[in-house]
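Using the sequences plus the hints, can you model the full thing?
Going line by line, the protein sequences match chains A and B. The opening residue of the first sequence carries number 1 in my numbering; numbering runs sequentially from there. The opening residue of the second sequence carries number 1 in my numbering; numbering runs sequentially from there.
What the hints contain is simulated information worked out from the structure, not anything from laboratory work. It should be emphasised that the depicted structure is a prediction, and the values quoted were computed from it without experimental measurement. It cannot be assumed that every hint is accurate.
Stated by the list, open to error - Using 20 Å as the maximum straight-line C-alpha spacing, the simulated SDA-like pairs for lysine to any residue come out as follows:
id: 1; chain 1: A; residue 1: K351; chain 2: B; residue 2: R235
id: 2; chain 1: B; residue 1: K25; chain 2: A; residue 2: P184
id: 3; chain 1: A; residue 1: K262; chain 2: A; residue 2: A307
id: 4; chain 1: B; residue 1: K16; chain 2: A; residue 2: E183
id: 5; chain 1: B; residue 1: K194; chain 2: B; residue 2: D225
id: 6; chain 1: A; residue 1: K348; chain 2: B; residue 2: H165
id: 7; chain 1: B; residue 1: K83; chain 2: A; residue 2: I12
id: 8; chain 1: A; residue 1: K65; chain 2: A; residue 2: L34
id: 9; chain 1: A; residue 1: K351; chain 2: B; residue 2: A167
id: 10; chain 1: B; residue 1: K194; chain 2: A; residue 2: D338
id: 11; chain 1: B; residue 1: K83; chain 2: A; residue 2: R10
id: 12; chain 1: A; residue 1: K351; chain 2: B; residue 2: D159
id: 13; chain 1: B; residue 1: K83; chain 2: A; residue 2: H16
id: 14; chain 1: B; residue 1: K16; chain 2: A; residue 2: R182
id: 15; chain 1: A; residue 1: K348; chain 2: B; residue 2: G259
id: 16; chain 1: A; residue 1: K65; chain 2: B; residue 2: M43
id: 17; chain 1: A; residue 1: K348; chain 2: B; residue 2: P230
id: 18; chain 1: B; residue 1: K25; chain 2: A; residue 2: G186
id: 19; chain 1: B; residue 1: K258; chain 2: A; residue 2: L343
id: 20; chain 1: B; residue 1: K83; chain 2: A; residue 2: E13
id: 21; chain 1: A; residue 1: K332; chain 2: B; residue 2: T76
id: 22; chain 1: A; residue 1: K348; chain 2: A; residue 2: E358
id: 23; chain 1: B; residue 1: K83; chain 2: A; residue 2: F81
id: 24; chain 1: B; residue 1: K175; chain 2: B; residue 2: Y32
id: 25; chain 1: A; residue 1: K348; chain 2: B; residue 2: F163
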Amino acid sequence: MYVAVKGGERAIENAHRLLAHERRGDRDVPELSLAQISEQLSLGVDRVMTEGSLYDRELAALAIKQARGDLIEAIFLVRAFRATLPRFGATEPVDTGAMQVRRRISSTFKDIPGGQILGPTFDYTHRLLDPQLAEGFTPEAPVTGDASAAATPRVTDILGRDGLIEPSPVADADAPVGDLTREPLGFPADRDLRLQNLARADEGFLLALGYSSQRGYGRNHPFAGEIRLGEVEVEFMAEDAGFAVPLGSIALTECQMVNQFKGSATEAPCFTRGYGLAFGQSERKTMSMALVDRSLRARELGEEVIAPGQDEEFVMSHSDNVQATGFVEHLKLPHYVDFQSELGLLRKLRKEFAEANETTPMREAAE
Amino acid sequence: MSAPAYNFAYLDEQTKRMIRRAILKAIAIPGYQVPFASREMPMPYGWGTGGVQVTAAILGPQDVLKVIDQGSDDTTNAISIRKFFGKTAGVATTTATADATVIQTRHRIPEAPLHAGQVLVYQVPIPEPLRFLEPRETETRRMHALGEYGLMHVKLYEDIARFGHIATSYAYPVKVNARYVMDPSPTPKFDNPKMDNCPALQLFGAGREKRIYAIPPHTNVVSLDFEDHPFTRYRFDAPCALCGAGDSYLDEIVTDDKGGRMFVCSDTDYCESRQLAGHRGSESAAPHKERAHG
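Okay, structure coming up:
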């Protein structure tokens with residue numbers, strides 16, 4: 001009769017076999033290729049690369065396939081693989097000002113040097129389900145034009161020339177870059193670690209926190225100074241060669257929020273910055289990240305910390321979806337030892353409660 | 001795409017060295033939570049990643065590993081972790097407490113006394129005993145630094161004021177080496193006395209929270225209490241239905257939907273060893289009955 005805890009090993013093996021079967025689905029339907037995922041579910045791939053902290057479209061596509069389209073599970077697979085990779089060093093800072101821009105918009109100026117470029121976006125599409133896409137649809141080739149030679153300086157740099165926005169902090173080239181995957185996180189955390197945490201953070205969590213700041217929980221009056229998407233060169237300083245070696249180019253989305261700042265006794269009022277950066281095309285993520293980055297600067301800017309989005313310990317401790325999903329889902333594991341002790345305690349408390357209530361009314365009645 | 005090759009016991013040597021340094025520091029300061037750069041493991045956070053990293057860092061080819069969850073070698077997560085090390089380290093595994101050199105556990109301390117040379121590795125979900133009284137790490141680290149544990153005593157006192165006794169049944173806080181208040185992980189308080197003056201080394205790993213702490217062999221471990229309300233163990237007052245043990249922690253097994261239940265040892269190795277030695281309970285399984293007659 002006592003079989004509940006036996007046979008676990010075979011159960012696990014059979015469960016995994018069933019999972020593989022379910023993952024494949026109906027075998028009469030052609031199997032998905034990694035190229036199909038990478039090409040046609042590209043925003044999902046971008047999200048997995050961003051929150052998985054690994055720029056590799058093929059591995060991200062594999063992870064999505066293996067995870068049956070569960071993106072947090074795919075992020076977890078990528079993270080676990082990434083943890084085993086050796087570190088050669090850090091690249092030179094990428095220059096997003098020199099980005100090969102595919103999309104670039106500013107909501108703060110009607111026109112900007114280099115122009116507004118709408119690019120591939122869901123914005124202004126009418127969200128009507130398109131039956132054409134159901135099968136065998138070949139879209140028209142995109143309209144092309146001559147490439148412009150005009151530079152596309154960052155909007156925040158334009159504002160910066162008049163001193164209307166705080167200067168971007170200049171990083172010390174020799175200072176080591178913080179890495180929370182190699183050193184345990186402590187509080188208070190500097191902005192480099194905060195930004196790393198936010199870049200890896202769950203998109204939905206940041207979206208909700210950014211949204212809460214817009215609705216008045218630690219409001220900071222944001223404008224989308226600029227959002228740009230495109231390719232940037234990545235360079236690695238090769239000590240032996242003595243110069244920076246190009247490693248290739250990666251697609252990035254960058255969002256610079258421009259936020260109000262009232263000024264202080266020592267500082268004139270000026271605009272402040274919130275920053276978001278992600279792999280691939282990840283606009284919702286970078287905009288949310290920029291809002292939360294600005295919120296988390298409350299301490300540094302002498303603002304009152306009153307809302308969850310301004311509280312770095314709260315935000316950074318709960319932003320990682322791989323950590324969060326693990327701990328939430330660990331409730332599936334057996335807890336019957338501690339449950340048993342709670343059960344014992346509860347029975348004792350209820351017995352004491354019943355005994356106390358049995359005697360008390362009698363005494364009252366007698367009085 | 002090239003298939004990745006993994007090191008002995010999965011972790012690379014650099015990472016193991018980092019974890020060993022944290023372990024050494026933890027042993028040097030008993031009960032103190034040492035931050036370490038916990039890695040992303042190929043199993044979920046909250047499923048034993050801290051214990052797995054500690055085990056991976058201390059495991060050698062000659063070690064004999066036992067893994068238990070809820071006291072049992074046969075629960076799914078214990079099997080999963082044992083298979084992980086069987087695969088990545090190729091070490092010998094056992095279910096016998098006495099034969100193991102390293103025992104990784106979740107929620108229990110084995111009933112059989114541990115001996116010198118053994119290491120007990122605990123999986124820890126929330127390493128901070130003060131966490132549910134003060135959610136901020138910045139605050140709790142300061143409280144530990146100053147040895148400021150008044151909040152915990154107030155909590156225990158409030159239990160007594162309300163219920164007449166301390167209403168904490170598992171993860172019952174202890175003071176280690178008369179200095180740090182420590183969370184013993186969610187073991188039932190029945191197990192707390194086994195930590196005191198234990199000849200084995202006890203290591204605690206919390207992966208998601210990135211903390212390692214330790215109780216060196218023969219260290220003083222005291223469960224928090226008051227002079228007029230001393231610490232008491234709790235155990236359901238019945239013998240094990242399979243082996244008749246009167247001194248082991250029991251699981252409650254629901255046998256039907258009419259209130260039927262039986263109580264059996266949560267430590268399966270302890271229970272099976274006793275049955276092999278001829279001990280019998282009221283519901284002993286049939287195979288052992290033959291032996292009883294013989």
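Hint by hint, here is what the structure shows:
1. Restraint check for K351 of chain A and R235 of chain B: satisfied, since their Cα atoms lie roughly 16 Å apart, inside the 20 Å limit.
2. Straight-line distance between C-alpha atoms of K25 of chain B and P184 of chain A comes to about 15 Å, which keeps the hinted pair within the 20 Å bound.
3. Annotation: proposed proximity of K262 of chain A to A307 of chain A holds, straight-line Cα distance about 18 Å (limit 20 Å).
4. Using a Cα cut-off of 20 Å, the hinted pair K16 of chain B and E183 of chain A holds, with the two alpha carbons roughly 14 Å apart.
5. Restraint check for K194 of chain B and D225 of chain B: the C-alpha separation of about 17 Å stays at or below 20 Å, so the hint holds.
6. Between K348 of chain A and H165 of chain B, the direct Cα distance comes to roughly 11 Å. Compliance with the 20 Å bound is thereby established for this hinted pair.
7. At most 20 Å may separate the alpha-carbon atoms for a hinted pair to count; K83 of chain B and I12 of chain A meet this at roughly 11 Å.
8. Only pairs whose Cα atoms come within 20 Å are accepted, and K65 of chain A paired with L34 of chain A is accepted, the gap being roughly 8 Å.
9. At roughly 14 Å between alpha-carbon atoms, K351 of chain A and A167 of chain B fall within 20 Å of each other, so this suggested pair holds.
10. Distance restraint check for K194 of chain B and D338 of chain A: the Cα-Cα separation of roughly 17 Å lies within the 20 Å cut-off, and the hinted pair is therefore satisfied.
11. A C-alpha spacing of about 12 Å is found between K83 of chain B and R10 of chain A, which places the hinted pair at or below 20 Å, so the restraint holds.
12. Of the pairs offered as hints, the one joining K351 of chain A and D159 of chain B holds, with about 16 Å between alpha carbons and a cut-off of 20 Å not exceeded.
13. Between K83 of chain B and H16 of chain A the alpha-carbon distance is near 14 Å, which keeps this suggested pair within the 20 Å criterion.
14. Restraint check for K16 of chain B and R182 of chain A: the C-alpha separation of about 13 Å stays at or below 20 Å, so the hint holds.
15. With a C-alpha separation of about 18 Å, the suggested pairing of K348 of chain A with G259 of chain B holds against the 20 Å cut-off.
16. As the CA atoms of K65 of chain A and M43 of chain B are separated by approximately 18 Å, the hinted pair is consistent with the 20 Å bound.
17. Our distance criterion of 20 Å between C-alpha atoms is met by K348 of chain A and P230 of chain B, whose separation comes to about 17 Å.
18. At roughly 18 Å between alpha-carbon atoms, K25 of chain B and G186 of chain A fall within 20 Å of each other, so this suggested pair holds.
19. As the CA atoms of K258 of chain B and L343 of chain A are separated by approximately 18 Å, the hinted pair is consistent with the 20 Å bound.
20. Under the criterion of a C-alpha separation no larger than 20 Å, the hint pairing K83 of chain B with E13 of chain A is consistent with the structure, at around 11 Å.
21. With a CA separation close to 11 Å, the supplied pair K332 of chain A and T76 of chain B stays within the 20 Å bound.
22. Only pairs whose Cα atoms come within 20 Å are accepted, and K348 of chain A paired with E358 of chain A is accepted, the gap being roughly 15 Å.
23. For the hint pairing K83 of chain B with F81 of chain A, the CA-to-CA distance comes to about 19 Å; that is within 20 Å, so the pair holds.
24. At roughly 11 Å between alpha-carbon atoms, K175 of chain B and Y32 of chain B fall within 20 Å of each other, so this suggested pair holds.
25. A threshold of 20 Å between alpha carbons decides the hint, and for K348 of chain A with F163 of chain B the separation of about 10 Å falls inside it, so the pair holds.
Going through the hint list in order, the structure satisfies each hint without exception.
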